[in-house]
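Visitor: One letter stands for each residue in the lines below.
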Amino acid sequence: MLTANRAKSGNPRVLRSRKKQRAGFIAACTVPTVILFTVFMLYPTVNVFYMSLFRMSSLSLNKEFIGLQNFQILFRDEKFWQAFRNNLFFIVFVTAVTMTVSLFFAALLAQTELIEKPFYRTVFFFPNVLSLVVIGVLFVQIYDPTMGILTSTLKAVHSEGLIHAWLGEKSTVRWCVAAAMIWQAVGYYMVMYMAGMDGIPKDLYEVASMEGMGKFRQFFSITLPLMWEIIRVTIVFFIISTINMSFVFVKVMTPTGGPSGQSEVLLTYMYKQAFTNSNFGYAMAVGVFVFIFSFILALISNKLTAKEVIEY
Amino acid sequence: MKNAKLQKWSGKFLVRVVLLLFTAVVLLPIIWTFYTSFKTSSEFLTNAWALPAGLHWDNYKNALEKGNMLAYFWNSAYITLIALVFVVLLAVPTAYVTSRFPFKFSKGLSMIFMAGLFVSQNYIVIPIFLSLNKFQNFLNQYVLFQHVEIANNLTVLALIYAVCELPFTIYLLTGFFRTIPHDYEDAAQIDGCGYFGTLFRIIVPMAKPAMITVIMFNFMSFWNEYIMATTILKEQKWTLPVGLENLMEQQKFATDWGAMFAGMVLVMIPTMILYSLVQNKLTEGISMGGLKG
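Protein sequences, first through last, are from chains A and B.
Taking my numbering, I'd label the letters of the first sequence as residues 7 to 318.
Taking my numbering, I'd label the letters of the second sequence as residues 26 to 318.
So here's chain B without its partners, still in its complex pose:
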């Protein structure tokens, strides 16, 4: 008996060692990034693992001002927020109707959105970039539209972000809407609630868990998006990931490692805060079948 217990304990101990090793593999690079962001230039040339002698906040000042990361932070915040509003406003009514109001094209519509799951932003970015430029050139021919900027526009890009996430969002919401019993709508209708009233006052509040999942996943992909932003936006309009990549390029010539590490921390922090708040819901969302790449 005692032997079996000992065996179980030692088994668990071994498992813990393996798990802690991988914990170190995940966490050490991140911890390293954080304390390295406080090093002075000369400290960078000593042992990489060594702790900094003090908190060298100038790195952050350089990243925010010289590296322009403060402006990029606001661009990122703006584009993420606007894209979230767009995606919710577009996906919720569409998913609701296609899942609960059978009409002539409802099946075909769902199919097209499903097919959209296979289209990657990575290749449609080139035609989108060309079309936007073409449209911009067209506008510039007219005095009236001389100052309208479409090609290098955060709101337009937010709309594109939202549309690119529509297939996934509609797919997730449709699955959820199907599970709500029809009785709720019938009751609402008898009480004189119109279609829009039913949607916004009955269905949307009931779909809160699905909405939270959708908002979380989309926040991550909008905040972290890089390829579209680096292709379509020009320098003053850049978002944080593009700004960070640029800090790395600059570092190669100016060897300002400090600013680059500070930049990395600045990009990580908002995601870390969000993650600490919602991590249970996020991992649950994935378990629910919210496949997402």
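Extracted from the complex, chain A is given alone in its bound form:
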């Protein structure tokens, strides 16, 4: 573009004013964004790391530099490790179930060509547009021992033996929170996988069918390998979103962290340290841990799933 202008105008003064205009336009478009981005995102992010090196015991913000001492305490904090283990449980369990179920439904819908396919897509995706708080509150009601539908369904089919206090019991609370997370996420990933499957040429399946390959074999030897790139991206995505989602779900569904901290996760622990204990420096040490942990986890899973891309 610049060379074209030069050829046309030739006159150095016109050229200079054009250049000035261009610079002015670039500045007008980027400077406000950069300033606000710095104030509300970069600065707080740097602050997370910075604050983790201080003892800040109240809102009055009396700071005392203590180096890495917060982290030393953190690594000996039994409650922190419990939150960490619970978070790992959510990452592994919710990811495994959501991925299996959404791949399964996506494959079913892609292979069978039902006329009501758009209906299922619309319905399954719906939970994803709801506020996580609504879903959390809704599931608290579902699990309610007196008026919840889970208990009353079990009563209706005479399976009283299966009834639990759900969110109030150590053995069930994590599974119950995980179920709510899966309920909300399946449709989203199903839609993504469906889009990936639509891109696989149909004749591949036709040839496979003629060769006598069953639907299951087709799924594992055609669909999965060709979808591998999309699946890889979603795994990294799962990890990050599970860490964040579990925060809201646990906070809404079990504000105290469940019976004996059985559903406490890293981010709820961080939030509690900050706003219940006014222990801001320590809270930010947890924040730094989550930041680095999710980054490393994403890198590892990216490495582990690396495979040659199969083109079609």
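No false leads were mixed into what you were given.
Rough simulated footprint, nothing fancy, chain A against chain B, three-plus residues with beta-carbon under 8 Å:
1. 31-41
2. 49-55
3. 118-126
4. 241-255
5. 261-271
6. 287-296
Please keep in mind that the hints were generated in silico from the structure rather than gathered at the bench.
Every residue gets a Cβ at the ideal spot worked out from N, C-alpha and C, and that includes glycine.
Following the hints, position chain B against chain A.
Guide: Positioned in the frame of chain A, the structure of chain B alone reads:
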């Protein structure tokens, strides 16, 4: 031949049964929420699945008035609208320039915004909360600014919402702007259109599909946002999700289930209306690679 057909039909039937089962898993809790919101207090103590005898609208009255959900509704509407305006005004020019005007820092700028995709609101909310309070205390020292409220301010929070969604929005728009041929701008320039004129009269109208995607996704995240709102806002300024959570807390002591269920319906309805209007575009947007958590 007949056998093969039968086999195909029965296969489809089986698939339908499985799909309908999951449809029930998704829809039944929502249907249950809707009709339960019309139950009277005594009806709550009978079978949970039972339908209410009549439409008990008082639950809605309680949620809107006692639960203050009407005020929270307007707070939510205001913050969502303002944040949408902010995010569009900030992201569109920036994405346009970084994708089409190579300059000294354009690469570095794109990189920084990309890195922002990995920053979660969930941990920066604490430093933001502290900084806002600190700034508020600073302002309060001066008589002139005595009544200026920054820490508990819907417009400020809308701006923060917008900034938090900038990385994702710029990422999506940049991808789209790259696909527009340069000929359009050259032609506009020859016709005497300035840079701003080209952006607003040529590029923005062409980017309509991408803009719709951006507005939809951001609407959802602004309308549903909870952690920032519950941390930064005080009671009169709460948004709907915070108000709903509070209704649930109140319910534990007052056992007013009706108001809480009505509150759930009130939070769901605007999203449902929007979803019914744009659901095709929304699912398409995700297929296009609009990853979003």
